[in-house]
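As a plain string of letters, each chain reads:
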Amino acid sequence: DSGVTQTPKHLITATGQRVTLRCSPRSGDLSVYWYQQSLDQGLQFLIQYYNGEERAKGNILERFSAQQFPDLHSELNLSSLELGDSALYFCASSTRQGAAYGYTFGSGTRLTVV
Amino acid sequence: QQPVQSPQAVILREGEDAVINCSSSKALYSVHWYRQKHGEAPVFLMILLKGGEQKGHDKISASFNEKKQQSSLYLTASQLSYSGTYFCGTIEGNTGKLIFGQGTTLQVKP
Chain A
94 DSGVTQTPKH LITATGQRVT LRCSPRSGDL SVYWYQQSLD QGLQFLIQYY
144 NGEERAKGNI LERFSAQQFP DLHSELNLSS LELGDSALYF CASSTRQGAA
194 YGYTFGSGTR LTVV
Chain B
11 QQPVQSPQAV ILREGEDAVI NCSSSKALYS VHWYRQKHGE APVFLMILLK
61 GGEQKGHDKI SASFNEKKQQ SSLYLTASQL SYSGTYFCGT IEGNTGKLIF
111 GQGTTLQVKP
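Chains as they are written, first to last, in the working numbering: chain A, 94 to 207; chain B, 11 to 120.
With the rest of the complex left out, here is chain A (with noise of 0.2 angstroms):
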């Protein structure tokens, strides 16, 4: 358990539908960061926040969005949902920002849309 809580693991959709996926840092964490991973493709920054703040924006598309909560836990929404949308979504989590901080990953959303 890295400490990074993801929710739900799995989530079987249909296209057009919205969906919430849920993370929670590790405990004492403020930076919380989102990552898109397609079948056998990479790593793709999506968004980052900082303390409740908005700190930095990947390819991210306008029918995803996000937020991190006072209580430091983040949601990445998805809406109109597309077949191509099915990823493995990642949330990873730091102590503070900047270059000095390893990343924390939590175990991944496994999103499919039919």
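Rather than coming from a laboratory, the hints here were simulated on the basis of the structure.
We put the beta carbon where it would ideally sit given N, CA and C, even for glycine.
Fair warning: there could be bad hints in the mix.
[Claimed, not checked] In silico BS3-like cross-links for lysine-lysine, where the CA-CA straight-line distance does not exceed 25 angstroms:
(1) Lys69/B - Lys47/B
(2) Lys36/B - Lys150/A
(3) Lys119/B - Lys36/B
(4) Lys150/A - Lys107/B
(5) Lys47/B - Lys102/A
(6) Lys107/B - Lys36/B
(7) Lys119/B - Lys69/B
(8) Lys47/B - Lys107/B
(9) Lys77/B - Lys36/B
[To be verified] Partial list, derived from the structure: chain B residues whose beta carbon lies under 7 angstroms from chain A:
(10) Lys47
(11) His48
(12) Ala51
(13) Pro52
(14) Phe54
(15) Ile57
(16) Phe110
(17) Gly113
Once you've looked at the hints, dock chain B against the given chain A.
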């Protein structure tokens, strides 16, 4: 900009050595290394923060050449447990946003 890793894939026998390279067209201020086994989460291996820095853990070590804007991961006397995909990552700006390379798949055979 995504760092570039080479080779894309490596197949080894137990006990053999391997080197994975990571390079960037942008100035590098730090390099992260992670290993991901199939279907699992990436696991942090090490960070290199300074040019010339070298680190090691067990028989896995890495170096960082700031001038050449590249890092190398060395796996010595490979074990079956080393199999997986290795990712290097570089930080953009001051946000801590980590951009990963495309990955190098390492397979260690008995």
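Going through the hints against the structure:
Annotation: proposed proximity of lysine 69/B to lysine 47/B holds, straight-line Cα distance about 18 angstroms (limit 25 angstroms). Between lysine 36/B and lysine 150/A the alpha-carbon distance is near 19 angstroms, which keeps this suggested pair within the 25 angstroms criterion. About 36 angstroms separates the Cα atoms of lysine 119/B and lysine 36/B, which puts this hinted pair outside 25 angstroms; it is violated. Of the pairs offered as hints, the one joining lysine 150/A and lysine 107/B holds, with about 8 angstroms between alpha carbons and a cut-off of 25 angstroms not exceeded.
The hinted pair formed by lysine 47/B and lysine 102/A meets the criterion: a straight-line CA distance of about 17 angstroms does not exceed 25 angstroms. Pair hint lysine 107/B plus lysine 36/B holds up; C-alpha atoms about 15 angstroms apart against a cutoff of 25 angstroms. Distance restraint check for lysine 119/B and lysine 69/B: the Cα-Cα separation of roughly 17 angstroms lies within the 25 angstroms cut-off, and the hinted pair is therefore satisfied. Between lysine 47/B and lysine 107/B the CA atoms are separated by roughly 23 angstroms; this keeps the pair inside 25 angstroms, and the hint holds.
Between lysine 77/B and lysine 36/B, the direct Cα distance comes to roughly 11 angstroms. Compliance with the 25 angstroms bound is thereby established for this hinted pair. For lysine 47/B, the interface hint is violated, since its Cβ never comes within 7 angstroms of a Cβ in chain A; the closest pair sits about 12 angstroms apart. At its closest, the beta carbon of histidine 48/B sits 10 angstroms from a beta carbon of chain A; the interface hint therefore is violated under the 7 angstroms criterion. For alanine 51/B, the shortest C-beta to C-beta distance to chain A is roughly 4 angstroms, which falls under 7 angstroms, so the interface hint holds.
Interface restraint check: proline 52/B against chain A, minimum CB-CB distance 5 angstroms, threshold 7 angstroms, status holds. Restraint check, phenylalanine 54/B versus chain A: the minimum CB separation of about 4 angstroms is within 7 angstroms; hint holds. Because the beta carbon of isoleucine 57/B sits about 6 angstroms from the nearest beta carbon in chain A, less than 7 angstroms, this interface hint is met. Hint on phenylalanine 110/B holds. Least Cβ distance to chain A is approximately 4 angstroms, under the 7 angstroms limit.
Restraint check, glycine 113/B versus chain A: the minimum CB separation of about 5 angstroms is within 7 angstroms; hint holds.
In the structure shown, a violation is registered for the earlier hints numbered 3, 10 and 11, in ascending order.
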